[in-house]
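S.K.: Sequence:
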Amino acid sequence: MDMDHNHGSDDSTSTAKSCPMIMVFHAGHCERILWRGWVAATVTEFVLSALFWFLVSFLYEALKFLRQHLARRVARKERLAEEQRRKNDNPSGCTGCSDTPLAEAREKSYWQRLLDSTHIIQSLLNLLQIVVSYLLMLIFMTFNYWLCLAVVLGLGFGYFFFGWNKKTPDESECCP
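The C-terminal residue of the sequence shown carries number 176 in full-length UniProt numbering, and the numbering is unbroken.
It should be emphasised that the hints constitute simulated quantities derived from the structure, not laboratory data.
Virtual Cβ for every residue (Gly too), placed ideally from N, Cα, C.
Honestly, I wouldn't trust all of these hints.
Restraint-style ranges between C-beta atoms, simulated for each label pair [claimed, not checked]: (1) F160 with K108: 32 to 40 Å; (2) R79 with F160: 28 to 36 Å; (3) R76 with V152: 28 to 36 Å.
Quick list of in silico lysine-lysine cross-link-like pairs, DSBU-like style, CA-CA up to 35 Å [as the list claims (entries may be wrong)]: (4) K77 with K108; (5) K77 with K87; (6) K108 with K87.
Full structure from sequences and hints, please.
M.R.: Structure (C-alpha coordinates):
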(Lines of atoms letter the chains of each structure in order from A and count residues from 1; the text may use other names and numbers.)
(Lines give C-alpha, C1' and ligand atoms only; values in the text may rest on other atoms or scores of the structure.)
Protein backbone atom coordinates (compact mmCIF):
# COMPACT_ATOMS: atom_id res chain seq x y z
CA MET A 1 0.00 0.00 0.00
CA ASP A 2 1.51 3.31 -1.05
CA MET A 3 1.24 6.01 1.61
CA ASP A 4 2.76 8.66 -0.65
CA HIS A 5 -0.44 10.72 -0.97
CA ASN A 6 0.99 12.45 -4.04
CA HIS A 7 -2.11 12.60 -6.24
CA GLY A 8 -0.74 15.12 -8.73
CA SER A 9 2.61 15.63 -10.32
CA ASP A 10 2.84 19.29 -9.35
CA ASP A 11 6.04 18.65 -7.52
CA SER A 12 9.29 19.46 -9.29
CA THR A 13 11.21 16.42 -8.03
CA SER A 14 11.77 13.59 -10.43
CA THR A 15 10.43 10.11 -9.86
CA ALA A 16 14.00 9.01 -9.12
CA LYS A 17 13.90 11.26 -6.03
CA SER A 18 10.58 9.88 -4.81
CA CYS A 19 10.53 8.05 -1.50
CA PRO A 20 7.42 6.55 0.05
CA MET A 21 6.27 7.71 3.46
CA ILE A 22 6.43 4.66 5.70
CA MET A 23 4.27 4.85 8.82
CA VAL A 24 6.04 2.15 10.84
CA PHE A 25 9.57 2.01 12.24
CA HIS A 26 12.01 1.20 9.48
CA ALA A 27 15.69 1.44 8.66
CA GLY A 28 15.73 2.49 5.02
CA HIS A 29 17.87 5.31 3.66
CA CYS A 30 15.35 6.74 1.19
CA GLU A 31 13.44 9.29 3.24
CA ARG A 32 11.35 12.41 2.64
CA ILE A 33 12.38 14.75 5.42
CA LEU A 34 9.82 17.36 6.48
CA TRP A 35 9.45 19.10 3.10
CA ARG A 36 8.88 17.90 -0.46
CA GLY A 37 12.20 19.34 -1.56
CA TRP A 38 14.19 17.54 1.12
CA VAL A 39 14.44 13.98 -0.10
CA ALA A 40 17.36 11.84 0.97
CA ALA A 41 17.38 9.36 -1.91
CA THR A 42 21.02 8.27 -1.63
CA VAL A 43 22.95 6.97 1.34
CA THR A 44 25.17 10.08 1.31
CA GLU A 45 22.18 12.43 1.38
CA PHE A 46 20.64 10.39 4.17
CA VAL A 47 23.83 10.39 6.27
CA LEU A 48 24.20 14.16 5.82
CA SER A 49 20.56 14.62 6.84
CA ALA A 50 21.06 12.47 9.94
CA LEU A 51 24.19 14.46 10.85
CA PHE A 52 22.26 17.69 10.39
CA TRP A 53 19.51 16.55 12.78
CA PHE A 54 22.14 15.33 15.26
CA LEU A 55 23.62 18.84 15.21
CA VAL A 56 20.19 20.49 15.56
CA SER A 57 19.44 18.24 18.56
CA PHE A 58 22.79 19.10 20.11
CA LEU A 59 22.17 22.82 19.57
CA TYR A 60 18.70 22.45 21.10
CA GLU A 61 20.36 21.49 24.38
CA ALA A 62 22.77 24.42 23.98
CA LEU A 63 19.78 26.72 23.53
CA LYS A 64 18.20 25.41 26.74
CA PHE A 65 21.52 26.03 28.53
CA LEU A 66 21.73 29.56 27.11
CA ARG A 67 18.23 30.42 28.32
CA GLN A 68 19.01 29.13 31.83
CA HIS A 69 22.32 30.99 31.88
CA LEU A 70 20.69 34.27 30.86
CA ALA A 71 17.95 33.84 33.48
CA ARG A 72 20.56 33.20 36.19
CA ARG A 73 22.59 36.21 35.08
CA VAL A 74 19.53 38.50 35.26
CA ALA A 75 18.64 37.13 38.71
CA ARG A 76 22.22 37.70 39.89
CA LYS A 77 22.17 41.32 38.63
CA GLU A 78 18.84 41.97 40.38
CA ARG A 79 20.19 40.46 43.61
CA LEU A 80 23.34 42.61 43.47
CA ALA A 81 21.28 45.74 42.74
CA GLU A 82 19.05 44.97 45.73
CA GLU A 83 22.09 44.50 47.99
CA GLN A 84 23.62 47.75 46.71
CA ARG A 85 20.34 49.59 47.31
CA ARG A 86 20.17 48.27 50.86
CA LYS A 87 23.78 49.28 51.46
CA ASN A 88 23.13 52.79 50.12
CA ASP A 89 19.95 53.13 52.20
CA ASN A 90 21.82 52.32 55.40
CA PRO A 91 25.51 53.27 54.96
CA SER A 92 26.32 53.21 58.68
CA GLY A 93 25.09 49.65 59.09
CA CYS A 94 22.67 50.77 61.80
CA THR A 95 19.86 48.21 62.06
CA GLY A 96 17.55 50.19 64.35
CA CYS A 97 17.82 53.54 62.56
CA SER A 98 14.61 55.28 61.60
CA ASP A 99 16.01 57.58 58.92
CA THR A 100 13.97 57.58 55.75
CA PRO A 101 15.87 56.47 52.71
CA LEU A 102 16.87 59.12 50.21
CA ALA A 103 15.58 57.24 47.20
CA GLU A 104 12.71 54.81 47.39
CA ALA A 105 13.25 51.71 45.33
CA ARG A 106 10.46 51.54 42.81
CA GLU A 107 9.11 48.25 41.61
CA LYS A 108 8.92 48.05 37.82
CA SER A 109 5.42 48.18 36.41
CA TYR A 110 3.93 45.29 34.47
CA TRP A 111 4.55 47.03 31.12
CA GLN A 112 8.14 47.91 32.03
CA ARG A 113 8.83 44.27 32.87
CA LEU A 114 6.98 43.08 29.76
CA LEU A 115 8.93 45.36 27.41
CA ASP A 116 12.28 44.84 29.14
CA SER A 117 14.98 43.81 26.66
CA THR A 118 15.96 40.72 28.65
CA HIS A 119 12.33 39.54 28.71
CA ILE A 120 12.04 40.08 24.96
CA ILE A 121 15.26 38.14 24.33
CA GLN A 122 14.09 35.30 26.60
CA SER A 123 10.73 35.24 24.78
CA LEU A 124 12.38 35.02 21.36
CA LEU A 125 14.73 32.27 22.56
CA ASN A 126 11.73 30.42 24.00
CA LEU A 127 9.94 30.71 20.65
CA LEU A 128 13.01 29.34 18.86
CA GLN A 129 13.25 26.50 21.37
CA ILE A 130 9.59 25.56 20.82
CA VAL A 131 9.98 25.59 17.01
CA VAL A 132 13.10 23.42 17.18
CA SER A 133 11.48 20.99 19.61
CA TYR A 134 8.51 20.49 17.26
CA LEU A 135 10.83 19.99 14.30
CA LEU A 136 12.72 17.34 16.25
CA MET A 137 9.41 15.67 17.10
CA LEU A 138 8.46 15.63 13.42
CA ILE A 139 11.84 14.10 12.51
CA PHE A 140 11.23 11.40 15.10
CA MET A 141 7.83 10.81 13.51
CA THR A 142 9.46 9.78 10.24
CA PHE A 143 9.82 6.48 12.11
CA ASN A 144 13.26 5.97 10.64
CA TYR A 145 15.54 4.24 13.15
CA TRP A 146 18.59 6.17 12.01
CA LEU A 147 16.98 9.61 12.16
CA CYS A 148 15.48 8.77 15.57
CA LEU A 149 18.92 7.68 16.74
CA ALA A 150 20.47 10.90 15.40
CA VAL A 151 17.96 12.97 17.42
CA VAL A 152 18.40 10.91 20.59
CA LEU A 153 22.21 10.95 20.38
CA GLY A 154 22.25 14.68 19.64
CA LEU A 155 20.10 15.37 22.68
CA GLY A 156 22.22 13.01 24.78
CA PHE A 157 25.54 14.56 23.78
CA GLY A 158 24.03 18.03 24.15
CA TYR A 159 22.98 17.22 27.69
CA PHE A 160 26.43 15.76 28.38
CA PHE A 161 28.07 19.03 27.35
CA PHE A 162 25.50 21.53 28.65
CA GLY A 163 23.06 19.87 31.06
CA TRP A 164 25.49 19.14 33.87
CA ASN A 165 25.73 22.84 34.70
CA LYS A 166 22.46 23.07 36.63
CA LYS A 167 22.64 24.98 39.89
CA THR A 168 19.75 23.11 41.50
CA PRO A 169 18.79 19.50 40.86
CA ASP A 170 15.09 20.37 40.66
CA GLU A 171 15.44 22.50 37.52
CA SER A 172 13.07 21.09 34.93
CA GLU A 173 14.30 18.60 32.38
CA CYS A 174 11.14 18.99 30.40
CA CYS A 175 10.55 21.22 27.44
CA PRO A 176 11.00 25.01 27.78
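S.K.: Now look at each hint and say whether the structure bears it out.
M.R.: Now the hints, each set against the structure:
Between F160 and K108, the C-beta spacing of about 38 Å keeps the proposed range 32 to 40 Å intact. For R79 and F160, the hinted distance range of 28 to 36 Å is satisfied, since their beta carbons lie about 30 Å from each other. Distance hint check for R76 and V152: the Cβ-Cβ separation is about 34 Å, which falls inside the suggested range of 28 to 36 Å. Of the supplied pair hints, the one linking K77 and K108 holds, its CA atoms being roughly 15 Å apart against a limit of 35 Å.
Between the alpha carbons of K77 and K87 the distance comes to roughly 15 Å, so the proposed pair stays at or under 35 Å and holds. Restraint check for K108 and K87: the C-alpha separation of about 20 Å stays at or below 35 Å, so the hint holds.
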